[in-house]
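Model the full assembly from the supplied sequences, consistent with the hints where possible.
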Amino acid sequence: MTDVNFKKLNKLLMTLLSEFLTGVWPESKSFDDTGLPEIPKRWKGKCNSTRDFDHKLCNKKLIGANYFLEGHKKIAYVQGYCLAARLRWAWNAHFYHNCRFARDKCKSVWFCNRHRPWNGSSCPTLSYKVCWSSGCSGVDIMAGMDRAILDGVDILSLSIGSRNPEPLPYFIDPIALAGFTATHNGIFVSCSAVTLMPCLVTNSGLPVSRSTKDQEWEASQPGYDEEKSLVVRKAGGVGMILIDSIAVKALDTNSFLVPALTVGKKVGDLIKKYVKTEPNPTVLLSFGKTVVNVRPSPIVGSFSSRGPNLVTPQILKPDIIAPGVNILAAWSEATGPSGLKEDYRRTKFNIISGTSMACPHASGIVALLKAAHPTWSLSAIKSALMTTAYTVDNTNSLIRDAATGISSNPWAYGSGHVDPKKALSPGLVYDISTEDYIKFLCSLNYPLKIIQAITNENSNPCSKAFSDPGELNYPSFSVLFGNKTVVQYTRELTNVEAAKSTYKVKVIRPSNVAVTVNQPS
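With mature numbering (1 follows the signal peptide of the UniProt record, and there is no 0) as the guide, the letters of the sequence shown map in order to residues -26 to -1, 1 to 495.
In case anyone wonders, no lab produced these hints; they're calculated from the structure. Bear in mind that the values here come from a model prediction, so they are computed numbers and not experimental data. For every residue, glycine included, the Cβ atom is placed at its ideal position computed from N, Cα and C. Hints are all accurate, no fakes.
Below, in silico cross-link-like pairs of lysine-lysine (BS3-like), each with a Cα-Cα straight-line distance of 30 Å or less:
| id | residue 1 | residue 2 |
| --- | --- | --- |
| 1 | LYS458 | LYS438 |
| 2 | LYS20 | LYS3 |
| 3 | LYS18 | LYS48 |
Okay, the calculated beta carbon distance ranges per label pair:
| id | residue 1 | residue 2 | range |
| --- | --- | --- | --- |
| 4 | ASN434 | LYS3 | 46 to 56 Å |
| 5 | ARG207 | PRO253 | 24 to 34 Å |
| 6 | ARG16 | SER381 | 43 to 53 Å |
| 7 | LYS3 | LYS423 | 50 to 60 Å |
Have a look at this one:
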């Protein structure tokens, strides 16, 4: 499919995509179901009512809403937190924001709280609220994912990250554990946290990381700390210039409480020099408009997740990058655009950044691929996204890193920036079965009882195991030499194009490493 009619393809979408976040705002126009088809009969979920949410608010767009808080209640009891609203907005509208724009890509099912899914294509949406004012409990995340599996969703989109400073082994990572079960049941898992089994990590995080688009907003380009503008306002300030620590100008836009501008360190140093040397320094902030065709673009967001994969360094992470900087989407009217309790402004839409914004982009593209290629396996879809991703920007240079201002590397962009159109025709794909993931787990030398618990098998699931975690038939890998001078990995590819296709191998390698590709006889 070289020429793609996305409008026609959108009519074929009956994919149920679920987002795990912090609630939903059902009155949003983003949930308008005008012109949408009936709810798929295979849908087994429901729309729950609570004191702040009427189940009648669900429709053919928002087809279900549920919440999970048993884990959070124990945390809240110990730490003294108050529980937020059950199904509606809670403490962070960022999650509802994610919900909304991924729906624009597909028929989707989401877990969100104060952000509402986008009003776009015919994606049915389901909200599973698993995050609360003090965070997200692993128990609630797993319970929500298990419920989504029973409800019959097709895609799980998790814009959730861990607060743990150290990486979690897969057997105590709730997303990895529930993701394995979901994949075993034929459900695609997309996430913004750097995990593996078998989540597509998008950097900004499949895991997915975030990238910029070829547009930006003039004047206001703040960082993450809206609280700084609150401090300025309380001190009587009427404006603010925030100097970021990164080398180049800040790319992501925030909603400050005073007129503000964020600049990079280089420009910031010039401003500080001007203030020190000018007797009467003055500042004029003029607010412009959206600028399109920005060069260079895309750029890896400075805050985006980075590799290497600390749990299994043989597998490159993140998988891909996707748009996650300055994403315009719906916003909950229960909170101001800055997210601060002192912010009494209200808006139906907001611009925010994060790997949590990149993840739904990837999830929506997955839904498109599932509609276009219903017979493809989950790993074939992931492979198509990764092998067709691009690593050069619109200046034909390697994608840059906003944190440094220079070229980035695979630990920042993974396989590259996702390309939906090319992903429709990847040529070759790397397929992975559930049995392959079990062999991978067994190669990590986890206790047998743990492997049995993960796989739900009483027999010995490790009778066959990979000799090295890098033997997993993944579309990318990292080579760890250690004391070895030669490392060998095996990959098996499947042709999904015309039967009589011929492929040639091309290797681009570091100067101090030799790479040989041998076809088995």
